[in-house]
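2 protein chains.
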Amino acid sequence: MTSHPAVRTPQQDRSRATRARLLAAAVDCLAELGWQGSTVSVVAERAGVSRGAAQHHFPTREDLFTAAVEHVTAERLAAVRTHADELPAAGPDRTRAVVDMIVRLYTGPLFRAALHLWTAAATEEALRERIIALEGHVGREAHRAAVEFLDADESRPGVRESVQATLDLARGLGLANLLTDDSVRRSGVIRQWAGVLESTLRPVRP
Amino acid sequence: MTSHPAVRTPQQDRSRATRARLLAAAVDCLAELGWQGSTVSVVAERAGVSRGAAQHHFPTREDLFTAAVEHVTAERLAAVRTHADELPAAGPDRTRAVVDMIVRLYTGPLFRAALHLWTAAATEEALRERIIALEGHVGREAHRAAVEFLDADESRPGVRESVQATLDLARGLGLANLLTDDSVRRSGVIRQWAGVLESTLRPVRP
Numbered sequence: 001m002t003s004h005p006a007v008r009t010p011q012q013d014r015s016r017a018t019r020a021r022l023l024a025a026a027v028d029c030l031a032e033l034g035w036q037g038s039t040v041s042v043v044a045e046r047a048g049v050s051r052g053a054a055q056h057h058f059p060t061r062e063d064l065f066t067a068a069v070e071h072v073t074a075e076r077l078a079a080v081r082t083h084a085d086e087l088p089a090a091g092p093d094r095t096r097a098v099v100d101m102i103v104r105l106y107t108g109p110l111f112r113a114a115l116h117l118w119t120a121a122a123t124e125e126a127l128r129e130r131i132i133a134l135e136g137h138v139g140r141e142a143h144r145a146a147v148e149f150l151d152a153d154e155s156r157p158g159v160r161e162s163v164q165a166t167l168d169l170a171r172g173l174g175l176a177n178l179l180t181d182d183s184v185r186r187s188g189v190i191r192q193w194a195g196v197l198e199s200t201l202r203p204v205r206p
Numbered sequence: 001m002t003s004h005p006a007v008r009t010p011q012q013d014r015s016r017a018t019r020a021r022l023l024a025a026a027v028d029c030l031a032e033l034g035w036q037g038s039t040v041s042v043v044a045e046r047a048g049v050s051r052g053a054a055q056h057h058f059p060t061r062e063d064l065f066t067a068a069v070e071h072v073t074a075e076r077l078a079a080v081r082t083h084a085d086e087l088p089a090a091g092p093d094r095t096r097a098v099v100d101m102i103v104r105l106y107t108g109p110l111f112r113a114a115l116h117l118w119t120a121a122a123t124e125e126a127l128r129e130r131i132i133a134l135e136g137h138v139g140r141e142a143h144r145a146a147v148e149f150l151d152a153d154e155s156r157p158g159v160r161e162s163v164q165a166t167l168d169l170a171r172g173l174g175l176a177n178l179l180t181d182d183s184v185r186r187s188g189v190i191r192q193w194a195g196v197l198e199s200t201l202r203p204v205r206p
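Protein sequences, first through last, are from chains P and V.
Here the first sequence is numbered in full-length UniProt numbering, starting from 1 and rising by one per residue.
Here the second sequence is numbered in full-length UniProt numbering, starting from 1 and rising by one per residue.
If you are wondering where the hints come from, they were derived from the structure by calculation, not from laboratory data.
The reader is advised that the hints may include incorrect statements.
[Stated by the list, open to error] Label pairs and their calculated CB-CB ranges:
no., chain 1, residue 1, chain 2, residue 2, range
1, V, R156, P, S187, 17 to 23 Å
2, P, I132, V, V42, 22 to 28 Å
3, P, S41, V, E86, 32 to 38 Å
4, V, G188, P, V184, 27 to 33 Å
5, V, S41, P, S199, 50 to 56 Å
6, P, R128, V, G188, 22 to 28 Å
7, V, S41, P, D153, 53 to 59 Å
8, P, E124, V, P109, 16 to 22 Å
9, V, R8, P, I132, 44 to 50 Å
10, P, V184, V, R144, 15 to 21 Å
11, V, S15, P, R140, 49 to 55 Å
Idealized CB from N, CA, C, for every residue including glycine.
Construct the complete structure from the given sequences, taking the supplied hints into account.
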């Protein structure tokens, strides 16, 4: 027990960097090629890593892709938190900006990758239980972030359901953007929902 | 030009029945097995039809599954219209029942089948253009039905976007129901959404 976790050797740093490259490449592959086309070999090649090294980090294909979607989701949420001070201060403009930000998380390559994984899990037993666990985890994290950014008081009636509806709406908008660029229609939907959400979160009393 | 389209021979009737059986079986297969597992042979077997007969009706796999999702969607919308008189009369109860009905269309096997087809189309060129056309067609029909059942006046500000948002929400709720039974959470979201939608459709003036 002489190792000290805070001091990393160059080898540990390299291993960590390899792992990160594999995870990022896995999400890119899933988003572009879907589940059928995304094998460990394809990901290893894209990451510039040998197949053996890839399998050292992730023994199975299911390990690799589940870890990838989890890791990249955590990264995106962290990035969103880092840029939180660029959002408008409290009020309708902030709510609009937050809804827009949430929907952007669900209309990019990460959502596309997750969608391929979810759809594959619907018919592949080896994925199913892991993706159900991942879905629960990602869903809770996304909900927590939405509550925080919207400054939503979930003890008020309808607020919790409205935050959930915002995430469900974002998921639906992500699906509508899968095959075609839906951005023009989407911006009208976002504007309308953000207005409604703001009046639920902070109703103007007569 | 001696044939008369209104008089069908027994052979035409049989052919029509075979086609309908193939279309229904195709949607069931897609919903259960996904795109990879759904071949023309698997569908033909489930429909109790020879592979040759299946190919006579649908020369390619893409023909069969695109036609199936289109046909079953039209059937469901027709069924919904048939039962329209069972809905409550105008008011909040009707809006709630209509939102519930729309969401039910997006949380059953038909949505599951469509999701597999959409996801496959994201990476398969042979499907892509057809599914984009189908998505446009189905989207317009669903929107038209929603406007009709909600008695929505789209000339009022925000109404068109709110109807669109309702369909996007339904799609997101369908996705959330893919791997687990999400019905309890969903009913809270539907209740909240229907209340908000009703105030947008028919605001109470002071």
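### Query
When you take the CB atoms of V:R156 and P:S187, is the distance between them in 17 to 23 Å?
holds (19 Å)
Practice problem: Starting from the range 22 to 28 Å, see whether the pair P:I132 and V:V42 falls in it by beta-carbon distance. | Solution: Given range 22 to 28 Å: holds, Cβ gap about 26 Å.
* Asked: Is it true that V:S15 and P:R140 lie within 49 to 55 Å of each other by Cβ?
  -> Holds, at about 53 Å.
- request: Determine whether the Cβ-Cβ distance between P:S41 and V:E86 falls within the hinted range of 32 to 38 Å.
  value: violated (55 Å)
| query | Per the hint of 53 to 59 Å, is the separation of the Cβ atoms of V:S41 and P:D153 within bounds? | reply | holds (57 Å)
Q. Does the Cβ distance between P:E124 and V:P109 fall inside 16 to 22 Å?
A. holds (18 Å)
Checklist entry - Does the Cβ distance between P:V184 and V:R144 fall inside 15 to 21 Å? => result holds (20 Å)
| request: Take a look at whether the Cβ-Cβ distance between P:R128 and V:G188 falls inside 22 to 28 Å. | output: holds (26 Å)
Can you let me know if the beta-carbon spacing of V:G188 and P:V184 is within 27 to 33 Å? Given a distance of about 31 Å, which is inside 27 to 33 Å, the answer is holds.
TODO: State, for the Cβ atoms of V:S41 and P:S199, whether the hinted interval 50 to 56 Å holds or is violated.
DONE: This hint holds: roughly 55 Å between Cβ atoms.
Given the range 44 to 50 Å, decide if the beta-carbon distance of V:R8 to P:I132 lies inside it.
holds (49 Å)
Consistency note: the structure conflicts with earlier hint 3 alone.
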